[in-house]
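Asks: Protein chains in written order, with the working numbering: chain A, 1 to 289; chain B, 1 to 352.
Be careful, since some hints might not be right.
[Stated by the list, open to error] Calculated pairs, BS3-like style, for lysine-lysine (alpha carbon to alpha carbon, straight line, at most 30 angstroms): (1) A:Lys86 - B:Lys215; (2) A:Lys19 - A:Lys78; (3) B:Lys267 - B:Lys285; (4) A:Lys118 - A:Lys9; (5) B:Lys222 - A:Lys86; (6) A:Lys166 - B:Lys141; (7) B:Lys285 - A:Lys166.
Simulated from the structure, these hints should not be mistaken for lab results.
A quick note: this is a predicted structure, and the numbers were derived from the prediction, not measured.
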Amino acid sequence: MTSDIIIEKDQPGQPHRGKVFAAIHAHLDDLPYYAGGLSAKLIREGYTGYIIRTSNDEKCGRGTIAENILSNQQEHFKMAAALGFKDVFDLYYRNHLMGGISPVEIRGRLILIFRMLKVDTIISFNPWGHGEENPDHWVTGRAVEEACWMSGMANDFPEHLEAGIKPHPVRERYYLYARPGQPFNRVVDVGAHIEKKIDAIVECRSQGDGNAGSLLRARLAKQGRRLPLLGGDDRAADRAYVRQFLLDDDREYGRPHGLEYAERFYYIDQRPPAKSRVDEFVEKNALPL
Amino acid sequence: MERRSFLGRSVAAASALGGVPAADDAPPAELPRPGGARFTPTAFAIPHSGYSPFTTPDYYTFASDLVIERPRTGKPHQGKVLAAIQPHSDDVPLYCGGTVAKLIDEGYTGYLIRISNDEGSGRTLGHGVVQNEIDNHEVAKALGCQKAFSFYYRNHRMDDDAEIEIRARLIFLYRLLQVDTILTMDPYNHYEENPDHLVACRAAEAACWMAAGAKDYPEHFKAGLQPIHVREKYYHARSPQGHNLVNRVVDISAYIDPKVRANVANKGKGPAGEAGSRLRQQLAKEGRRLPLLGDDDDTANFAYVKHFLMDDFRLLGEQFGLGYAEAFRYIGPEPNYAEGLRKYVDEHAVRL
Numbered sequence: 001m002t003s004d005i006i007i008e009k010d011q012p013g014q015p016h017r018g019k020v021f022a023a024i025h026a027h028l029d030d031l032p033y034y035a036g037g038l039s040a041k042l043i044r045e046g047y048t049g050y051i052i053r054t055s056n057d058e059k060c061g062r063g064t065i066a067e068n069i070l071s072n073q074q075e076h077f078k079m080a081a082a083l084g085f086k087d088v089f090d091l092y093y094r095n096h097l098m099g100g101i102s103p104v105e106i107r108g109r110l111i112l113i114f115r116m117l118k119v120d121t122i123i124s125f126n127p128w129g130h131g132e133e134n135p136d137h138w139v140t141g142r143a144v145e146e147a148c149w150m151s152g153m154a155n156d157f158p159e160h161l162e163a164g165i166k167p168h169p170v171r172e173r174y175y176l177y178a179r180p181g182q183p184f185n186r187v188v189d190v191g192a193h194i195e196k197k198i199d200a201i202v203e204c205r206s207q208g209d210g211n212a213g214s215l216l217r218a219r220l221a222k223q224g225r226r227l228p229l230l231g232g233d234d235r236a237a238d239r240a241y242v243r244q245f246l247l248d249d250d251r252e253y254g255r256p257h258g259l260e261y262a263e264r265f266y267y268i269d270q271r272p273p274a275k276s277r278v279d280e281f282v283e284k285n286a287l288p289l
Numbered sequence: 001m002e003r004r005s006f007l008g009r010s011v012a013a014a015s016a017l018g019g020v021p022a023a024d025d026a027p028p029a030e031l032p033r034p035g036g037a038r039f040t041p042t043a044f045a046i047p048h049s050g051y052s053p054f055t056t057p058d059y060y061t062f063a064s065d066l067v068i069e070r071p072r073t074g075k076p077h078q079g080k081v082l083a084a085i086q087p088h089s090d091d092v093p094l095y096c097g098g099t100v101a102k103l104i105d106e107g108y109t110g111y112l113i114r115i116s117n118d119e120g121s122g123r124t125l126g127h128g129v130v131q132n133e134i135d136n137h138e139v140a141k142a143l144g145c146q147k148a149f150s151f152y153y154r155n156h157r158m159d160d161d162a163e164i165e166i167r168a169r170l171i172f173l174y175r176l177l178q179v180d181t182i183l184t185m186d187p188y189n190h191y192e193e194n195p196d197h198l199v200a201c202r203a204a205e206a207a208c209w210m211a212a213g214a215k216d217y218p219e220h221f222k223a224g225l226q227p228i229h230v231r232e233k234y235y236h237a238r239s240p241q242g243h244n245l246v247n248r249v250v251d252i253s254a255y256i257d258p259k260v261r262a263n264v265a266n267k268g269k270g271p272a273g274e275a276g277s278r279l280r281q282q283l284a285k286e287g288r289r290l291p292l293l294g295d296d297d298d299t300a301n302f303a304y305v306k307h308f309l310m311d312d313f314r315l316l317g318e319q320f321g322l323g324y325a326e327a328f329r330y331i332g333p334e335p336n337y338a339e340g341l342r343k344y345v346d347e348h349a350v351r352l
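One chain only, chain A, in its complex shape (with noise of 0.2 angstroms):
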């Protein structure tokens, strides 16, 4: 945590319209879990929002590594509607092995993809985070932060501007707070957009439990038992399992600030002032010649 944390509020109207936002993952679960919240909040605040997923999956789910593949896209593309992200990429590097992937190609796709969606904002992994253990987020991470700054320089891949694709730079990032320890210093409010982070979980049935309600509730009507907290129906059921035993850590990140659900985030802003203090120094002392 830093001295100056922020508390991030719902703003009313659509402040943000006309700006955009990609949300970069490395599995289907991660954005859900870590900022389903704040991209449900961006997204009703006027940015138009984008996920990008670097793995495939191949490792996590029900079937053989093929079946993984298929069954975390499709889901995927779910988790991504039910929080009203407007498209969709997948770049399907292969999961748990990103380490050995070449850094400056993946970082290549991203400064394409940030040029062209003119992205404004980011969220993703911290690359400095500590107790980063898998792999993929911190290739993830490092590959989007790169491409963040020299997404801007026209001298990266200039053969993008050929393609009439503009240099543009990513001014600000929110990085999540993905394992415990790691750094944060704005705290987002996401009480009002619980039902569309739930809805986001609930897709995610390969890997984090989106499906584990309506599991259990097979297993104890095999058992000849019931939990009335998981309802009449799975969906009913998965929803229930996630916002009773999946959302410990938003209530806990909200309870010191008095906010029902709260995220954590790193955020950095690297927006220019609208004036420089040269100018505002010229504007100052400047006498006429």
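Chain A is fixed; fit chain B onto it per the hints.
Replies: Below, chain B without anything else, positioned relative to chain A:
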């Protein structure tokens, strides 16, 4: 390098474009028989002038369906796009500049893509990079290319770069420019000593078919690009060490001067550039002159390249009855297999 001669006479060419035979259809020459064993040579040494190592390779292997690609009238390639891909600023002008100029003259829109930054040649590393950047543009202009691209990977160190990343950039460019044809070094050229050559031409080759794949880099399509299958490839050998399979000899007689001018434009590296004027100045200091080099630097540079550096291409052409020639492993569009199958079914199907 000492060049051995496997054959005492010129190699035989099989056929020519348009069905015009181009060589003398000579029968196999008498061969040496070491230890009395009969053997058929698979590599052919061709005559060399001895003026420069950077011309034609030590050996060629010729395919039985070798063709001579002659100049064509009109603009038969109008609407088609070629990309000449070179690791270094002097590769295309030296090894396939005549063919690039010919194809562009016949209607192709041409682009030149340089993969390295050529930092290895120049007074300092920085000077080398700048001069070769300029040269790449000037070479493109001399050959009639519409535009030159440079990727600037570090010279002589490209085996440390991610081939997949270079390939991705080439896929992007092929799709953007809608490239039909590439000219580059043969990725199967034996005795290739330069890692930049190996990496660049492997990436160029793999990008040709992957550029057509809807599932390779699908984000390109969201950016408005279209898939493209690069269906024609002209692979040239490197020299002096080199040995590739040749199935196409291109008559560049009418394009030797643009080729010379492209090489003169290449000042930062290679054997051409301002070598003529330097020789002229050196001789003047010694109180001598070569009439060949004329009375000014421009004439000297042009004459030097044409006389000393193009002579091996003349000698190659001579083998096929041509003024000047360049040799390639050419890979053309795939046959229409579906059509072949349909024809077979039409011819052989019987009623139930």
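Asks: Hint check: A:Lys118 vs A:Lys9, CA-CA at most 30 angstroms. Holds or violated?
Replies: Holds, because 25 angstroms separates the two Cα atoms, which is no more than 30 angstroms.
Asks: Is the Cα-Cα distance between B:Lys285 and A:Lys166 30 angstroms or less?
Replies: 54 angstroms, violated
Asks: Is B:Lys222 close enough to A:Lys86, meaning Cα to Cα at most 30 angstroms?
Replies: 13 angstroms, holds
Asks: For the pair supplied as a hint, A:Lys19 and A:Lys78, confirm whether the alpha-carbon distance does not exceed 30 angstroms.
Replies: 23 angstroms, holds
Asks: Next pair to validate is B:Lys267 with B:Lys285; report whether the Cα-Cα distance is within 30 angstroms.
Replies: 22 angstroms, holds
Asks: Quickly compare the C-alpha distance for A:Lys86 and B:Lys215 to 30 angstroms and report which way the hint goes.
Replies: 20 angstroms, holds
Asks: Does A:Lys166 pair with B:Lys141 here, judged by a C-alpha cut-off of 30 angstroms?
Replies: Between A:Lys166 and B:Lys141 the Cα gap is close to 26 angstroms, so the pair holds against 30 angstroms.
The structure shown violates just one earlier hint, number 7.
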